[in-house]
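**Q** If you want the building blocks of each chain, they are given just below.
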Amino acid sequence: MRRSLTIVALLASLTSVAQAADPSGEAVYQRWCAPCHAPGPGHPGTQSLEMKYGGKTPAVLLDRTDLTPQIVSTFVRQGVLLMAPFRKTEITDAELTALAAFVARNYKK
Amino acid sequence: MSIPPNVSPTAFNTALNAWRKAVGPEWVFTSDEAVALYRDAYSPYYGEPEERVASAAVAPASVEQVQAVVRIANQHRIPLYPISTGRNLAYGGSAPVYSGSVVLDLKRMNRVLEVNERNAYALVEPGVSYFDLYEHIQKAKLDVWIDPPDPGWGSVIGNALDGGGGWTAYPFRDHFAAHCGMEVVLANGEIVRTGMGALPNSKSWQQSRWGFGPWVDGLFRQSNFGVVTKMGFYLMPRPEALISATVTTMRDEDIVPMLDVLNLLENQVVVNGSTQIFGGGRGPAGSAAWGIQVPIYGPEKVIRAQMDYAKAKFAAIPGLNIVESEMLRTPLTPEQMARVRLVNFGIPNLSTFALLGRNPGNPDPAGGHIGFSPIVPRTGESLLEFKRFYNENLSKVTGGENLNIQGPVYMTCWERTLVCLIMFPIGRDKALNAKMRRAFEGWVKLAAERGWAEYRAPAAFQDLIAETYSYNNHSLRKLRETLKDAIDPNGIISAGRYGVWPKHLRKA
Chain A
1 MRRSLTIVAL LASLTSVAQA ADPSGEAVYQ RWCAPCHAPG PGHPGTQSLE MKYGGKTPAV
61 LLDRTDLTPQ IVSTFVRQGV LLMAPFRKTE ITDAELTALA AFVARNYKK
Chain B
1 MSIPPNVSPT AFNTALNAWR KAVGPEWVFT SDEAVALYRD AYSPYYGEPE ERVASAAVAP
61 ASVEQVQAVV RIANQHRIPL YPISTGRNLA YGGSAPVYSG SVVLDLKRMN RVLEVNERNA
121 YALVEPGVSY FDLYEHIQKA KLDVWIDPPD PGWGSVIGNA LDGGGGWTAY PFRDHFAAHC
181 GMEVVLANGE IVRTGMGALP NSKSWQQSRW GFGPWVDGLF RQSNFGVVTK MGFYLMPRPE
241 ALISATVTTM RDEDIVPMLD VLNLLENQVV VNGSTQIFGG GRGPAGSAAW GIQVPIYGPE
301 KVIRAQMDYA KAKFAAIPGL NIVESEMLRT PLTPEQMARV RLVNFGIPNL STFALLGRNP
361 GNPDPAGGHI GFSPIVPRTG ESLLEFKRFY NENLSKVTGG ENLNIQGPVY MTCWERTLVC
421 LIMFPIGRDK ALNAKMRRAF EGWVKLAAER GWAEYRAPAA FQDLIAETYS YNNHSLRKLR
481 ETLKDAIDPN GIISAGRYGV WPKHLRKA
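Just so you know, the sequences run in chain order A and B.
Okay, so the first sequence: first residue is 1 according to our numbering, each after it adds one.
Okay, so the second sequence: first residue is 1 according to our numbering, each after it adds one.
Simulated from the structure, these hints should not be mistaken for lab results.
Even for Gly, the Cβ is constructed at its ideal location relative to N, Cα and C.
You may find that some hints are simply not true.
Stated by the list, open to error - Restraint ranges, calculated between C-beta atoms of paired labels, are given here: (1) B:Arg20 to A:Gln78: 46 to 54 Å; (2) A:Gln78 to B:Asn201: 20 to 28 Å; (3) B:Ile191 to A:Gln78: 51 to 59 Å; (4) A:Asp22 to B:Asp32: 48 to 56 Å; (5) A:Asp22 to B:Glu240: 39 to 47 Å; (6) B:Glu240 to A:Asp63: 38 to 46 Å; (7) B:Tyr455 to A:Asp22: 28 to 36 Å; (8) A:Lys108 to B:Leu113: 16 to 24 Å.
Same shape as in the complex, but just chain B (with noise of 0.2 Å):
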């Protein structure tokens, strides 16, 4: 067993003792074997000293359980690191950022607390993943959707808080946009209840994000200042259909009034769907050089109308491929759902996994793997640039060595953004997994130089991504050490989480 970094044997052992009353025996890990399915599958470090590890790990069942936890670890100043269902995978999966932190795993807490067929919301604890969300909404016959991400098992709440999205219509996408309302213990112990859900009795928690006075559920994404015990989030309810058109070009240059289109049509919420760039060079000799997909959700007679004006304000621009797909009425006939992409459709799979594993494309893969995505505005200049960017960069990144990073994929799953993804393999090889860390932080400080930084990152790399937002002095880290110095004092909740040091770690 394993003792967290400035904590004695002796106050480890009792606050053990106490989790252990706290929590149940049975539900504190300590064992090597067991504190070993903590760590981080896909970690660059993987069998390295610098690899993030746990100590221990507890895992309540309850808030006031999180609360007894937290209480115990604050008066004994032990490093917790919450998880929701840990399977945050690519961004660190269940292992802490500071290493020798006891996990908080929150996967019991796994209640489905209330879906709101007539509002259109849930209220769910950290342990709940898009799957069981997705069951329960089943079982009651409630006729809205989830918004589920690419895994289907990731946690509701942990995918919201990390910045993660899903795959269905605007506005829900956007996980963390989409809540409404939280439930939090703060390093003390102490429950805070966001929005209108600070005013006891309350009808309206997740109807209302922003109560009365300052709004502070932001502090809690990508963040340590607390631990997030509920959360709310809208849901959308069932569209009657959804409409595709596919619009593309055989000329590099059209990409930029494609874009202006595009983005025309989703800032006046024209088109909803998550639409998708492809092509980029990437494609077969002959291929078009790029290609948008456009879907529309909604009823049917409206979304008609909607594809319509689409297609025109595309046919604008001469030369374009416009070719419309079939209407898919909701609910899918079981064919349809099994030649759709699922999680457009609300339901969510692993079936993404299939593109990452081994694959008649990936043969021989190289087992987990990580992405630097930096944010680039929405335009086709921009997307060019970050082309001829990669381009230039790749062999000076990489040292000329082919080590099979792919992309860029340029996403358009945000609004008002375009996401340059690039991927990087990652093993059990060491010399490779150094290869592709030495790319990684080649990217991001290239990057920084142009103004594109990532927004969600692996553990190893936090630091680095939190140092190239450094206006002013890093005034903004400056503000963030002052709020966690003052809601979080002994430091105890997710050192360096995003960047974030307590004071007794962080770097003169």
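Looking at chain A on its own, in the form it has when it is part of the complex (with noise of 0.2 Å):
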């Protein structure tokens, strides 16, 4: 019973230390860029990007072929239009950088 209790308690920590070292880039999108830039209507990321490049580019984020790492954290950290930037408390460097490569994973040079 000990030993086992033990083996839990140290998965829970690995878990743990596993999550801060490496944060899911798409759970991270799913809590702080899905409700604006999911796909549908009531997603005003979604109906900006639409009006802005009407329809050469995708509207929806995670569509899009074009981002890279970098531009999504710049967008992240600076903001844009109502897009307020987000704070190192909502969104850590960590999760900055896991969010920036799942919303570019389809990035063609």
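Put the two chains together into one complex, using the hints given.
**A** Pasting the structure below:
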């Protein structure tokens, strides 16, 4: 019993370390970006990009192939129009790295 | 790195090091890049010398860490500015009122401490957003609703403390009024619990708000007397259904009896939903002069009867058109969810930004916005007076220029009052922002002459608006200053917030 508890505790601590060191970019996206940038009506980011690009570039962020991790990071930390920047207590630097890699996963040079 | 005003570099460095020890070095932000994230993206002074900016930020994760941070600030006389989730956009964002303050960023305090389904309440920390609380309730499969404001990423505590509101039923929409019990860290680091929370081992902190003796919770609303670290809120047991009616008229003057009926129905709590007025000459030609949406939440059989009563009351006014909508039973189907306004069903989201951002009606938006929203009596005569007032004075405050100011919207979200909202676009064009500021200031002064004043405002206008609440030679301001000096003698917490300045920063 004692041993299994130790193993559970060890696994739990390994999981949390793993999460701290390697946050899921997709989870960060779902939490912080999807409410505005998911497909469909009622998503102000998607609506804004639809109008901006007029269909020449996908309005849904995850459909983009032209976004580098650097561009994603810049928009998160600089903001644009009514999207205010995200602080490090909201999206940490490690989370931003993972998020940028996730959003830019389809980047084609 | 900048240094707070009236603080020596040595004292500031000592404090920064002490904070690093208290919260961990990674949660003390001093680099220009990190501190810039605390700028108010919707500041009407963005990029100008008058913009209110932070000198640094500290982000504790627990109430003990908040105590430590506050004590260090108090020892070194360093101005702090607490924020919750920091998403108070259009009212200052995460920027301080007093430039150079250190932002006390409470976003990491993000625990939902309790949701009690049987007695329908929640106890949360300041970093908990409406999204967080909703997710917690969904995961635990609890049959209670929250009352989200327009943007769901705001803090449940921060929104209530700043005077925010939501879109479900009375009495949950006025978020401060729907709170029950708080925990506050005072400027000396002491923890106070209000109401029943002052009783050690209290079992009813979130069930009885008054406790024993003078009630002090109001001192922490729109104020700077302490750092609120926990707050309880009443939740609404999921209502069985929502039914709504739309009442319209083609005659301008009908708004007088229509509002009288609406007031009767709301004050009787026959109508408990967030009613909305539309029209006022803002619709296309041939559209109704005025319309009111009348939603009622509750058990299906009960609200059927309430709606019949409400319709009969409106039908007594000749010539109105009354259209009832379908009875929406909860929980909604996905198809229903796709066509309703989700905040009316307790579901937080960010769709409001679709109305405020780039959209077909506004293809080239400035970016952000601010609003002037005076409280006006809930009568048709007052509403018509405000409409005339707006039309007569618009060119006066804008100098005759089209500044794309939007309004007025006559909001009935608060019981017993009208909130007459005027919106100003704010962007990165300094000259245009200056014109918006002048227009905003013009409306504040002109409205005050009529006995109307704002209830919540961006930092840049808080002094101006507080100045209009001047009855008996500013006796209310003087009382607040007396309290401020007693509770926070070094004036370290949120200097200037809502017009309350500590002694050493008051203008003579």
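**Q** Indicate, hint by hint, whether the structure satisfies it.
**A** Hint check results:
At roughly 27 Å, the beta-carbon separation of B:Arg20 and A:Gln78 lies outside the given 46 to 54 Å, and the hint is violated. Checked against the hint of 20 to 28 Å, the pair A:Gln78 and B:Asn201 fails, with Cβ atoms roughly 49 Å apart. Checking the proposed 51 to 59 Å range against B:Ile191 and A:Gln78 shows it is violated: the Cβ atoms sit about 38 Å from each other. Distance hint for A:Asp22 and B:Asp32: a CB-CB separation of about 28 Å, inconsistent with the stated range 48 to 56 Å.
At about 45 Å, the beta-carbon gap between A:Asp22 and B:Glu240 stays in the expected band of 39 to 47 Å. A C-beta distance of roughly 40 Å is found between B:Glu240 and A:Asp63, which places it inside the suggested range of 38 to 46 Å. The hinted range of 28 to 36 Å is not satisfied by B:Tyr455 and A:Asp22, whose Cβ atoms lie roughly 46 Å apart. At roughly 47 Å, the beta carbons of A:Lys108 and B:Leu113 sit outside the given window of 16 to 24 Å.
In this structure, the earlier hints numbered 1, 2, 3, 4, 7 and 8 are contradicted, and the remaining ones agree with it.
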